[in-house]
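J.: Chain P is already provided as a structure; the job is to place chain G on it using the hints.
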Amino acid sequence: MEGFVALYIFMLAAFTGYEVISKVPVILHTPLMSGSNFVHGIVLVGAMVALGHADTKLEMIIGFFAVLLAAGNAAGGYVVTERMLEMFKSSGDKKGDK
Amino acid sequence: MDYLVQASYFAAAVLFIYGLKKMSSPSHARKGIVWAGVGMVIATLATYFHPSIHGFEKMILITIAMGLGGYLAWSSGKKVAMTDMPQMVALYNGLGGGAAALIAAVELIRQENMSQIVQILAVIGALIGTMAFSGSLVAYAKLQGIMRKTLRFPGQQLVNGITFLVTVILGLMIAFGGSDYSMFVLFVFFLLSLLFGAMMAVPIGGADMPVVISLFNALTGLAVGFEGYVLANPAMMIAGIVVGSAGTLLTQLMAKAMNRPISNVLFSNFGEASGEAQEVTGSMKEIEASDAAVMMAFAEKVIIVPGYGMAVAQAQHKIWELVKQLQERGVTVKFAIHPVAGRMPGHMNVLLAEAGVPYDIIYDLDEINEEFPTTDVTLVIGANDVVNPAARTDPNSPIHGMPILNADKSKNVIVIKRGKGKGFSGIENHLFFADNTRMLYGDAQQVANDLVSDIKEI
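The listed protein sequences correspond, in order, to chains P and G. Reading the first sequence from the start, the letters are residues 364 to 461 in this note's numbering. Reading the second sequence from the start, the letters are residues 338 to 795 in this note's numbering.
Okay, chain P solo, but in the shape it has when bound (with noise of 0.2 Å):
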């Protein structure tokens, strides 16, 4: 990919974490810190790659390990975030109260 190309990639995408977060109510920096956590198990279809295309013996063992990794990351990620945000309800949503 070309340098400069990839140099506003990543300047635009900071900027736009940064805009995104700054938003947030306190109430949910757990679940957010959690989700963005899940957003970086994304790392998995980088996993996938590596293990396609490994050609040794070794490299075929630590692809399979990136990829077991990777896939905790987003699997445990997903699960945690969407438990902890399921259970945000207000006064007005009754249905949930216990």
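FYI, nobody ran anything at the bench for these hints, they're computed from the structure. Note that the coordinates shown come from a computational prediction; the quantities given were computed from them, not determined experimentally. Glycine included, each C-beta is placed from N, C-alpha and C at the ideal position. Be a bit skeptical, because a hint or two may be false.
[To be verified] Some chain G residues well away from chain P (every beta-carbon gap over 12 Å; in silico):
(1) G492
(2) Q494
(3) V525
(4) L528
(5) A544
(6) G619
(7) E623
(8) Y696
(9) D701
(10) L702
(11) P726
(12) R729
(13) P735
(14) R755
[To be verified] The list that follows gives simulated cross-link-like pairs (lysine-lysine, BS3-like), each with its CA atoms no further than 30 Å apart:
(15) G:K593 <-> P:K386
(16) P:K452 <-> G:K395
(17) P:K452 <-> G:K416
(18) G:K793 <-> P:K452
(19) G:K671 <-> G:K661
(20) G:K661 <-> G:K746
(21) P:K452 <-> G:K415
(22) G:K395 <-> G:K593
(23) G:K661 <-> G:K748
(24) G:K622 <-> G:K638
(25) G:K748 <-> G:K622
(26) G:K671 <-> P:K386
(27) G:K593 <-> G:K661
(28) G:K415 <-> G:K368
(29) G:K415 <-> P:K386
(30) G:K661 <-> P:K452
(31) G:K638 <-> P:K452
(32) G:K358 <-> P:K386
(33) G:K622 <-> G:K593
(34) G:K368 <-> P:K452
(35) P:K452 <-> G:K593
(36) G:K638 <-> G:K793
(37) G:K416 <-> G:K358
(38) G:K368 <-> P:K386
(39) G:K358 <-> G:K395
(40) G:K793 <-> G:K661
T.: For chain G alone, coordinates are given in the frame of chain P:
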């Protein structure tokens, strides 16, 4: 086929940003994570058609690894208690950092001709991914109670500094070594990165851990972004850098809420105040649960300040019952949450939400601090430093300057506390000795129970 893969990555990037954006309000935050999840599934499925994945056996191997890792994490995530959330976030984050590091390992072992920028970013990604991996695992072990000791020794900063320097030198040798750097150097480089990440986290105390977890989260994001460049994968680049910058901002916000500059968290110990702390005057005055119940039942406005002690005693359900009783009697009840209540910012909100407390009666420090003077009763449960007025008045106090909830300004304060000792941080709390403060000793859950039944009898 490549077109399909690229299109799916684009869709994933859009969904991730949209999902994070949706999470900015509690009413549709859950939809946000679901959209992000959809993006993840699309990207993962499309990657099976990626031109770099050769052969059917590889696909099987990928599926096995994914199924295994996904299943283990999914089932552990389903089971974990809400109080243990911070360490789970640390654990999953560590896995992601480890994955980014292993991708870098595969690419660097191949020793193919890479462009200079690719090679440099591969090495940087490897370094921070590995650090995030071992550091997060240490953070997990500490919060989970597997590792209780906080290891500190003289010259620790120096040892860490030297380790880091050597790691960087090895990294430079690899980054600028063309395609014939030694495998031994690569191995030592990864080993030292691993060691450095752990050594960074080991001396940090439990109270500062959230800041560190957030920092490692941001680091993993960066590592993923850099490895995304190495693999020419825009979805990883965008998602990684978005998380990197969002995580950095979040880390700053947390550190600010705790009045602890990030450099202080990482390089020094807690509570190194100079000079003698002010003498506390007055005495602690006790109150019975039944009297406390009467005070609250006939109040107009009650503010509840919960701390981690409440969660440890599992008292949040009982407290919510108490609130409902008071609301039936026409008392206005609000919850005041300090940014560092619980084990990370927002953790207390999650715990209250679990008990069924609606988020619109829960307020931040900035929103509620002006309301304390017009409040009849402030009920402090398992919170300590976050209501200590010494932070405002005593320049020698280790927590001086930390923003606090001004509970001391309300007409009456009732503090539910397990015993008479100092709290978690060992700092004497001036609030407990104030004239308008009454102490209600006992286990938070038991006390809440007593309060509920006493109010029913009135």
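J.: Quick check: which numbered hints come out false for this structure?
T.: Hint check: 8, 9, 10, 16, 22, 27, 33, 39 fail, others pass.
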